[in-house]
Amino acid sequence: MWQWLYKLGSPRYFYDMTTVFLPWLRGVTYFLLIVGLVWGLGFAPPDYQMKDNYRIIYIHVPTALGAMWVYAMMAAMAAMHMIWNLKLADMVAKSCAWVGASYCAVGLVTGSFWGKPTWGVYWIWDAKLTAMLILFFIYIGVIALRSAFDSETSGSKAASVLTLVGVVNLPIIYYAAQWWNTLHQPPSDLGGSATGANPPEIWIPVFFTGFGLIGLVFLLVILRTRNEILWRERRAQWVQDLVQGEPRRA
Amino acid sequence: MLSVNALHCERDERVLFSDLSFTIKLGEVWQLQGANGSGKTTLLRILCGLNHDYEGDILWQGEPVRRQVEEFRAGVFYLGHSPAINKTLTPLQNLRWFCAVSGFADDAAIMAALAEQGLRGYEEVPCRHLSAGQQRRVSLARLALSPASLWILDEPFTALDRFGVAALERQVAAKARAGGAVLLTTHHQLRLDCELQRIDLDAPRETRA
Amino acid sequence: MSRYSLGVFGSLRATFTRELLILWRNPGDIVNPLMFFVIAVSLFPLGGDSDPAYLSGIAAGVVWVTALLAVMLSMESLFRGDYEDGSLEQLLLSPQPLYFHLLAKVAGHWLLSGLPLVLLSPLLALMLALPQDAYAPLMIGLLLGTPTLTLIGAIGMALTVGLGRGGLLLAVLVLPLSIPVLVFGAGMVQTALAGLPYTGLVALLGALLVLALSLAPLAIGAALRISIN
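Chains as they are written, first to last, in numbering that gives the first Met the number 0: chain A, 0 to 249; chain B, 0 to 208; chain C, 0 to 228.
Take the hints with a grain of salt, since some may be wrong.
Quick partial rundown of chain B residues pointing at chain C, CB under 7 Å, derived from the structure [to be verified]:
| id | residue |
| --- | --- |
| 1 | Glu-69 |
| 2 | Gly-79 |
| 3 | Asn-85 |
| 4 | Trp-96 |
| 5 | Asp-105 |
Covered by chain B, per the in silico footprint, the following chain C stretches (three or more residues, Cβ under 8 Å) [what the hints assert, rightly or not]:
| id | stretch |
| --- | --- |
| 6 | 76-83 |
| 7 | 87-98 |
| 8 | 147-159 |
No wet-lab data here; the hints were simulated from the structure. Quick caveat: nothing in here was measured; it's all calculated off a predicted structure. Cβ atoms here follow ideal geometry from the backbone N, Cα and C, with glycine treated the same way.
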């Protein structure tokens, strides 16, 4: 177990291993996304109430949930980086920040697309949207802090500390947003109950796009991490061999 | 007392030092030499525990520093480039706080240390009204107060006049005779009445590619 | 020999009084955030509407938000000076428990930066036509909330103190983390205005303070060690 963890912690091992199963991950992710999107956007019947507007949930719900899971993953990586000084965990955390922020942004934009036909305005201070907005701010903070440091090691440790402070804070923020929402306006439900009363033709594609977008998280995180590994280990012999062995692309 | 084993440090893609080993024993004075940018300050900051970006072992009394952080910190005094003197406070208040974080209070010793540095009568003057050299002396007064057995001094002679330099040289030699140890960097030619060991960071050493 | 051991408590008291003394000798660091607090609040009637009905509706939010910003502005004096003159290095190298020294330092800072905000808040509530019943929840909320804000701000300050140009970055890092305190604090005033019991929120703000007191010093300490590197 520890042997395995130690091995996995080596950037080179991670790089070699992901080279092997990256094509599989890529294939499965693209398959799920294409099936889910074509089915969901093209063939699923329109909702009797919301017509075609509901289709945004095929993107919105998975990205919104994904943005939170990515933060949890980033926090786990930050903890591993702080405790065991694992460089690879930090590289993954750095990739997570960008992917999480992107998912957050997509979740927010699709949320406002949903809001226009449903509520008549693009933005409403709904509890979930508000919490998502704050999560987005925290992602931005982590990215900004890391890039503000000249020294890579200091920047990565500072980002890890902030990530861990954020993970303590996030449940409180979610609770606060929920509570604040009930104080000011009746709760509105975004997407959550839309799946319940509807026929399976409508909600089955959600599973496809959902797993597809989760696959995309891993795909993007792994790809970014591989770039990061090559950059940080650029002076190592194996990276030099790798780069020189490959034909140059124009 | 302090042993360093195969210390390796790189910064901004450059190997500052590699495979560096030495042992400082009680009663010794060590001078760290090297050109600007050779990593003298970095090495001192690693040794006193401010910088953790290194590989290799640092042992204090034969035990790894990480396992006895408090004993180690109580045993080492670090004087860096910055004086650690708050300019709005008086020398007395500054030194009282220094003593307090070292765990004791001793106003009489503070007054004596300030007098020794030629600052009698300035004890209650806010430090911003003192000259750069006088502020440096306030900072150096901590040497006499510190209970630590190892002094790590980074460029301690900066901003001192001729008499200040001579007094500090005497103080360093006295520390070694009293059974302490001193590790310092300086570009000034040391005149000590005791033996001086040297570490040269510019000396060619086996460096890994 | 006049030397005597101080023990941990005496040593902490020295850090606490030093913080008070430094702030006291730099009155601008105490007064400017307070002036910011007063001036920023008085902008709202000028930029919005001076109708008391409108003002009393936004009063709780305005006072809380400006108090939060004033706390952020006062953070600069917490670690900046000690970082620049090297005192922070000495604190990090001392054999004393850093956790408690940081608490003592933050407590001293709050006493001269956070507490005055609390004491000044009724005056601003008066200017914003907040009903009398809401004064107590406003002050209790700020009394429990500003120490938490100071602790969160101290984490941000500790992370950015080595960057020199950290001012705006500090706000980007700290403001999102401060939102729960803001929500519950301002919400407490609204709850009181609606005639509902607000003791639950007092407990909640207290719980946030306890959480911040127990965890923030760890984060501050870790952040300072990174910044000093």
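| Given Glu-69/B as an interface hint, is the shortest Cβ-Cβ distance to chain C below 7 Å? | holds (5 Å)
| field | Hint check, Gly-79/B versus chain C [nearest Cβ-Cβ separation less than 7 Å] | value | Holds - the Cβ of Gly-79/B comes within 7 Å of chain C, reaching about 6 Å at its closest.
| query | For the hint on Asn-85/B, does the least C-beta distance to chain C fall short of 7 Å? | reply | holds (6 Å)
| request: Report holds or violated for chain B covering the stretch 87-98 of chain C, Cβ cut-off 8 Å, minimum 3 residues. | output: Three-residue rule met by the stretch 87-98 of chain C, so holds; n is 8.
| query | Within the assertion that chain B covers the stretch 147-159 of chain C, do at least three residues meet a Cβ-to-Cβ distance smaller than 8 Å? | reply | violated (count 0)
| said: Using a Cβ cutoff of 8 Å, are there at least 3 residues of the stretch 76-83 of chain C near chain B, or does the coverage claim fail? | reply: This one holds; 3 residues, not fewer than the three required, reach chain B with a Cβ under 8 Å.
| Close enough to count: is the Cβ of Trp-96/B nearer than 7 Å to one in chain C? | At 5 Å from the nearest chain C Cβ, Trp-96/B passes the 7 Å test, so the hint holds.
| Interface hint for Asp-105/B, Cβ within 7 Å of any Cβ on chain C | holds (4 Å)
Consistency with the previously given hints fails for number 8 only.
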